[in-house]
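In order, the protein sequences belong to chains F and P.
Numbering-wise, the numbering used here puts 316 at position 316 of the first sequence, and it's gapless, one number per residue.
Numbering-wise, the numbering used here puts 1 at position 1 of the second sequence, and it's gapless, one number per residue.
In short, the hints are calculated from the structure, not lab data.
Ideal Cβ positions, reconstructed from N, Cα and C, are used throughout, including at glycine.
Capping the alpha-carbon separation at 20 Å, the derived lysine to aspartate or glutamate pairs in EDC-like fashion look like this:
no., chain 1, residue 1, chain 2, residue 2
1, F, K66, P, D158
2, P, K150, F, E183
3, P, K161, F, E11
4, P, K161, F, D196
5, F, K276, P, E218
6, F, K250, P, E162
7, F, K311, P, D233
8, F, K136, P, D23
9, F, K250, P, E181
10, F, K136, P, D27
11, F, K313, P, E234
Here's a subset of chain P near chain F, in silico, CB distances under 7 Å, partners left out:
no., residue
12, T14
13, N136
14, I157
15, T215
Some chain P residues flagged as far from chain F (calculated, every beta-carbon gap over 12 Å):
no., residue
16, K2
17, Q53
18, L200
19, E204
20, T206
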Amino acid sequence: MSVLVFAETSEGKYKKTALEATSYGKNVAAQLGEPLVVLTINATDPSALFNYGAEKVLSIANDSLKSFNAKVVANIIRQAAEKENAQVVIIDSNANGLYIAPMVAVNLNAGLASNVIALPSSVSPFTVKRKAFSNKAFNNCIINTPIKVIGLSKNSYGIIENPVTGTIESFSPTLIESDLTSEKMEQTAGKITIADADIVVSGGRGLKGPENWGMIEELASILGAATACSKPVSDLGWRPHSEHVGQTGKPVASNLYIAIGISGAIQHLAGVNSSKVKVVINTDPEAPFFKAADYGIVGDAFEVIPKLIEKLKEFKANNA
Amino acid sequence: MKILVCISHVPDTTSKINFTENDTKFDPNGVQFIINPYDEFALTRAMWFKEKQGATITVANVGNPSTEATLRKALAIGADDAIRVNAEATDSFTVAKELAEIVKNENFDLVLCGKESIDYNGGMVPGMLATFLDFNFVNACIGLEIDENKATATREIDGGKEIINCNLPLVIAGQKGLVEEKDLRIPNMRGIMMARQKKLTIIEPTQTEVATATTSFEKPAAKSACKIIDNVDELINLLHNEAKVI
Ligand SMILES: Cc1cc2nc3c(=O)[nH]c(=O)nc-3n(C[C@H](O)[C@H](O)[C@H](O)COP(=O)(O)OP(=O)(O)OC[C@H]3O[C@@H](n4cnc5c(N)ncnc54)[C@H](O)[C@@H]3O)c2cc1C
Ligand SMILES: Nc1ncnc2c1ncn2[C@@H]1O[C@H](COP(=O)(O)O)[C@@H](O)[C@H]1O
Numbered sequence: 001m002s003v004l005v006f007a008e009t010s011e012g013k014y015k016k017t018a019l020e021a022t023s024y025g026k027n028v029a030a031q032l033g034e035p036l037v038v039l040t041i042n043a044t045d046p047s048a049l050f051n052y053g054a055e056k057v058l059s060i061a062n063d064s065l066k067s068f069n070a071k072v073v074a075n076i077i078r079q080a081a082e083k084e085n086a087q088v089v090i091i092d093s094n095a096n097g098l099y100i101a102p103m104v105a106v107n108l109n110a111g112l113a114s115n116v117i118a119l120p121s122s123v124s125p126f127t128v129k130r131k132a133f134s135n136k137a138f139n140n141c142i143i144n145t146p147i148k149v150i151g152l153s154k155n156s157y158g159i160i161e162n163p164v165t166g167t168i169e170s171f172s173p174t175l176i177e178s179d180l181t182s183e184k185m186e187q188t189a190g191k192i193t194i195a196d197a198d199i200v201v202s203g204g205r206g207l208k209g210p211e212n213w214g215m216i217e218e219l220a221s222i223l224g225a226a227t228a229c230s231k232p233v234s235d236l237g238w239r240p241h242s243e244h245v246g247q248t249g250k251p252v253a254s255n256l257y258i259a260i261g262i263s264g265a266i267q268h269l270a271g272v273n274s275s276k277v278k279v280v281i282n283t284d285p286e287a288p289f290f291k292a293a294d295y296g297i298v299g300d301a302f303e304v305i306p307k308l309i310e311k312l313k314e315f316k317a318n319n320a
Numbered sequence: 001m002k003i004l005v006c007i008s009h010v011p012d013t014t015s016k017i018n019f020t021e022n023d024t025k026f027d028p029n030g031v032q033f034i035i036n037p038y039d040e041f042a043l044t045r046a047m048w049f050k051e052k053q054g055a056t057i058t059v060a061n062v063g064n065p066s067t068e069a070t071l072r073k074a075l076a077i078g079a080d081d082a083i084r085v086n087a088e089a090t091d092s093f094t095v096a097k098e099l100a101e102i103v104k105n106e107n108f109d110l111v112l113c114g115k116e117s118i119d120y121n122g123g124m125v126p127g128m129l130a131t132f133l134d135f136n137f138v139n140a141c142i143g144l145e146i147d148e149n150k151a152t153a154t155r156e157i158d159g160g161k162e163i164i165n166c167n168l169p170l171v172i173a174g175q176k177g178l179v180e181e182k183d184l185r186i187p188n189m190r191g192i193m194m195a196r197q198k199k200l201t202i203i204e205p206t207q208t209e210v211a212t213a214t215t216s217f218e219k220p221a222a223k224s225a226c227k228i229i230d231n232v233d234e235l236i237n238l239l240h241n242e243a244k245v246i
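Given these sequences and hints, build the entire structure.
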């Protein structure tokens, strides 16, 4: 028996969430007293996973898998799980992870818990804690089936080094047929995505208009952060829809979330609450965001942000 | 084209969430229930196919009798008929299996779902449903065109989008972009009147085993009060030395 993690790569490199899933998997394997096997496709350096506890890396090298097809990958995970007699399968929460997890669950006739944020509190019955009600609550849930699939929530466990001596086994699964094809991908190159970012700088209607986003972009670039916005800002067309965060937009689970000129409506907070540290900058001391934040500055963004940018530049220069 | 839109019945986005029976049950007291916001995008897109391409729309929900008001609302928006599977929707795996039975029995070629229910935020039912049926599946769908039996779907990916071509039958998990928010339909008086005459079939579940079960709920720990700071130097200092996030 084993614990199987699917570690996704992007251009041959492991995504951060793949390392987090591996770190988490190592600990689940320890709880069960089983080895950790990690499945990976077209990784340049499969052995990089040994550092996070992978005792065995099942490595697939196949050019026809360069373009992601969820059905094909979900089927490959099934083959790996069967071959390794996996009892638990762990998948991250990137766009592709969210896509395949339910498919893998059905392939393995397994119960799935998505949005899981902690190690199992018990392995018998197998009980995990997951986010629910748009971060307004958690639920503890039992997976009853012999095989269990876990969708690990981003930034919930962290990347933890745990070096082991591992082996690499090359794996050549059968690729199933699919009439679904990718016509093209459009990705903004070089920009940090909200999904990947450790820090997110977000602006609301308090910024008055799209012409004022220069300082938001600058602040984000100094911090190596992604930019985001509240719903009305994207509805008004000031910023692209892909930046809209909140209950009905993208979820944010970063280490630091900076909300500038955002009131903190319940639907906004629901989507950003699981960020670890929240900072609010708002002219109105009564803005509801102050109740949800860790640090707050009551002040005008047009005065505070330029100062913050200047001081952060100094800070970065001194701490480089 | 026969379209099934899967509708989940969820607490309104402004709801305060509470639990009862020792935190083992969700407390529906005082909660207003709505059509899951993502499913509204799916339903509105289905209406477009109905009006422009002559599709028929069935809406389905797995739930107890209290969800019928939500199905009636979908009928008032313009769906042709509705099906309720009479079971508590506690486990996505069984919900997807029940929905798969409906799709098989009625030969739907397009199934539109939302990307997640805003209550349990599972994001599981659509992908499970597609896999039970061995249909094509597109997650996080932000655009969908159908031409005969060919679909072109746009999927949101981290930092961009992907355009996908595939054949029907197809299941999608949709969101905003499928239609724009300003184009979302709301029921009008005529729709509400007509909805009363439309067929709402209740069927009994076929599944008895559950794959997952909730044992308890928790609320996030109470937060300590926000530290109000009056200058940016102090903010940088706290973020660096106390919170250790920069
Ligand atoms: C079904 C539904 C779903 C929703 N989903 C979402 C969602 O996913 N995400 C989301 O964000 N919203 C969502 N909303 C909208 C939400 O209810 C709020 O309307 C929205 O979040 C408000 O955006 P805002 O804070 O940018 O704007 P406002 O509420 O207008 O707040 C602007 C803030 O800026 C402050 N301000 C003004 N001038 C300055 C200045 N110079 N410097 C600093 N601060 C200043 C003001 O004091 C105010 O607090 C949803 C609503 C509904 C009904
Ligand atoms: N009980 C249900 N009845 C009908 N459709 C559902 C039900 N639960 C989920 N769905 C569909 O599946 C989508 C994703 O839900 P979930 O997997 O619960 O997050 C929803 O947007 C609905 O389209």
